[in-house]
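Protein sequences, first through last, are from chains G and R. Under the numbering used here, the letters of the first sequence match residues 217 to 536, in that order. Under the numbering used here, the letters of the second sequence match residues 217 to 536, in that order.
Accuracy of the hints is not assured; some may be wrong.
Said to hold, decoys possible - Facing chain R, from chain G, some residues (calculated, C-beta under 7 Å):
| hint | residue |
| --- | --- |
| 1 | Val-425 |
| 2 | Glu-429 |
| 3 | Lys-454 |
| 4 | Ser-458 |
| 5 | Ala-465 |
| 6 | Phe-472 |
None of these hints come from the bench; they were simulated from the model. These numbers were taken from a predicted model, which means no experiment stands behind them. Quick reminder that beta carbons are idealized off the backbone N, C-alpha and C, glycines included.
2 protein chains.
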Amino acid sequence: MKIGLDTMGGDFAPKNEVLGAIAVLPELKKDSEIVLFGNETQIKTVCVEHGVDPARFRIIHTTEVIGMHDHPAKAFTQKPDSSMVVGFKYLSAGLIDGFASPGNTGAMMAGVMYTVKPIEGILRPCISCFYPMINGRWGILVDVGLNADSKPENLYQNAILGSLYAKGALGDENPRVALLNIGEESSKGNLVVKATYELMSKTKDFNFVGNIEGNDIMTGKKADVVVCDGFVGNIVLKMAESVYHLALAQGIETEFFGKLNYEFHGGTPVLGVNASVIIGHGSSSPTAIKNMILTAEKTISAKMVERVKEIFKQSTILQK
Amino acid sequence: MKIGLDTMGGDFAPKNEVLGAIAVLPELKKDSEIVLFGNETQIKTVCVEHGVDPARFRIIHTTEVIGMHDHPAKAFTQKPDSSMVVGFKYLSAGLIDGFASPGNTGAMMAGVMYTVKPIEGILRPCISCFYPMINGRWGILVDVGLNADSKPENLYQNAILGSLYAKGALGDENPRVALLNIGEESSKGNLVVKATYELMSKTKDFNFVGNIEGNDIMTGKKADVVVCDGFVGNIVLKMAESVYHLALAQGIETEFFGKLNYEFHGGTPVLGVNASVIIGHGSSSPTAIKNMILTAEKTISAKMVERVKEIFKQSTILQK
Chain G
217 MKIGLDTMGG DFAPKNEVLG AIAVLPELKK DSEIVLFGNE TQIKTVCVEH
267 GVDPARFRII HTTEVIGMHD HPAKAFTQKP DSSMVVGFKY LSAGLIDGFA
317 SPGNTGAMMA GVMYTVKPIE GILRPCISCF YPMINGRWGI LVDVGLNADS
367 KPENLYQNAI LGSLYAKGAL GDENPRVALL NIGEESSKGN LVVKATYELM
417 SKTKDFNFVG NIEGNDIMTG KKADVVVCDG FVGNIVLKMA ESVYHLALAQ
467 GIETEFFGKL NYEFHGGTPV LGVNASVIIG HGSSSPTAIK NMILTAEKTI
517 SAKMVERVKE IFKQSTILQK
Chain R
217 MKIGLDTMGG DFAPKNEVLG AIAVLPELKK DSEIVLFGNE TQIKTVCVEH
267 GVDPARFRII HTTEVIGMHD HPAKAFTQKP DSSMVVGFKY LSAGLIDGFA
317 SPGNTGAMMA GVMYTVKPIE GILRPCISCF YPMINGRWGI LVDVGLNADS
367 KPENLYQNAI LGSLYAKGAL GDENPRVALL NIGEESSKGN LVVKATYELM
417 SKTKDFNFVG NIEGNDIMTG KKADVVVCDG FVGNIVLKMA ESVYHLALAQ
467 GIETEFFGKL NYEFHGGTPV LGVNASVIIG HGSSSPTAIK NMILTAEKTI
517 SAKMVERVKE IFKQSTILQK
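Between the sequences and the hints, there should be enough to build the whole structure, so can you do that?
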């Protein structure tokens, strides 16, 4: 597979991006290849400085850069030769199998909506993250920031997408899907979540196990997929990430806490769109970039597009 | 001061309640006294079994119990001789200075609304919790579960109450108040939070420092008081509590993680009402009960009622 990487969008571009790409080479599958989008001279300079032959990568030279302070939608149309726009063109044309970037998240989403577009039937794409469970397995939290205001049907679709992603990326055969709430009873929660519970309780589209509270997310006892809106999910994700740093500040390093470090996966896939797109932190370190590329590889392997299309053919509700 | 304790409402009543009351005796201030509401015989039996003279407590005998599965509002009116209802009567009459219970939270709130009532100008009371910051200080999170659906004016009042509580209970002179959000910029967040930011940015009622993200809550770098709705706050609180257990499961015990144990404070005060009311976990251990009583003592000392009344006289906005 061909994994595209935007090398110009991060806070430390292109150095961290190229170093991450170099670091990931020994860990990639045999048939995986990295395609770097960005300033060819700068990319090659980083390679040579670190004793790596630039021929290890395919480089697509671009002349423009979308920065963190650029207006997302405008930048995407006004900078046609930026690494991000060219990357999306390649993705759209099927010349690469996935595209990862630590750049401007808004511009990335504009790219998604302008080029590869949501899958037919998806109301709103969302982003997810893996989180570690103390039982040693991984869980999936969805949405972690794309849709701060969500309706029941959005949360319902998040659940479908999270469940499919757990099957594809984690190999869960029948992932338990729970709704993040403030109590176990169906009567608990805010208005949106109460209505969502009603919808989910009747579903055959995924294995709904009921509500889950904040204290049970990381135990793994109740669920493999936790569903919430992007406002709550983003706060939960960032709080979980902070636990890694709180542990470090106390001189504690463990395997479990290490998995809470954002670098461990490096990026979150956009779910519900017609291609594998991975969004990373702007300040990604080389380690984070390396792992974002591995997350991209895993997401492409998960064949999410095919899975989502398939289930949206079968699903009897919530297609508009 | 006189601190009332409902000994019949918890999952392990009255044993854990009485053991907690016994345990707290050496730690109370000189002029503090505990008043136990509940079945006198059962209370005395627990005392004697543990070699404690029941005369150490004032006991108000009651014959009924509001259970966890009782309908909150109905139970409050239908069980007039329950430990909880009698406790609220004493509180309302000024015979005790505060009332703490690990019982049915809904019934406790019915008690608040029926008897002591919200302070004039308060749209909705809320509950708060202390959380540890890695800098060694404590922060206050508000609301942590009472109002799952909140409007901007509710969050604004939460901020006033949290700020006053930080002054009274933590001794912060000018607590930094932040709005929990998914980004630092004023444009970030869901619709309610964006409107709340607008309200708060103009305030003179508290020291508003802007948005705070999930990863900064426990660092203490940005805020002493974190404001959110009860849905988000409850999830954040329970997730923080779970970190204590996740650390324990890895064989890790530290002072900081220990402060995340719910037993450490044992209860959360209801803010914005005409008396000090503390709500605890239904499954409270004796240690949790002990610390809930100390939280009650601290809350009474904070003179919240007077402080809130005073500022609501001065505050120029959001009094309805």
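Against the structure, the hints:
With 7 Å as the threshold, the beta carbon of G:Val-425 stays out of range of chain R, its nearest partner Cβ sitting at about 17 Å, so the hint is violated. Because the beta carbon of G:Glu-429 sits about 5 Å from the nearest beta carbon in chain R, less than 7 Å, this interface hint is met. At about 3 Å, the closest approach between the beta carbon of G:Lys-454 and any beta carbon in chain R falls short of 7 Å, and the interface hint on this residue holds. Hint on G:Ser-458 holds. Least Cβ distance to chain R is approximately 4 Å, under the 7 Å limit.
At its closest, the beta carbon of G:Ala-465 sits 5 Å from a beta carbon of chain R; the interface hint therefore holds under the 7 Å criterion. Taking 7 Å as the C-beta cut-off, the interface hint given for G:Phe-472 holds, the closest approach to chain R being about 6 Å.
Checked against the numbered hints above, the structure violates only hint 1.
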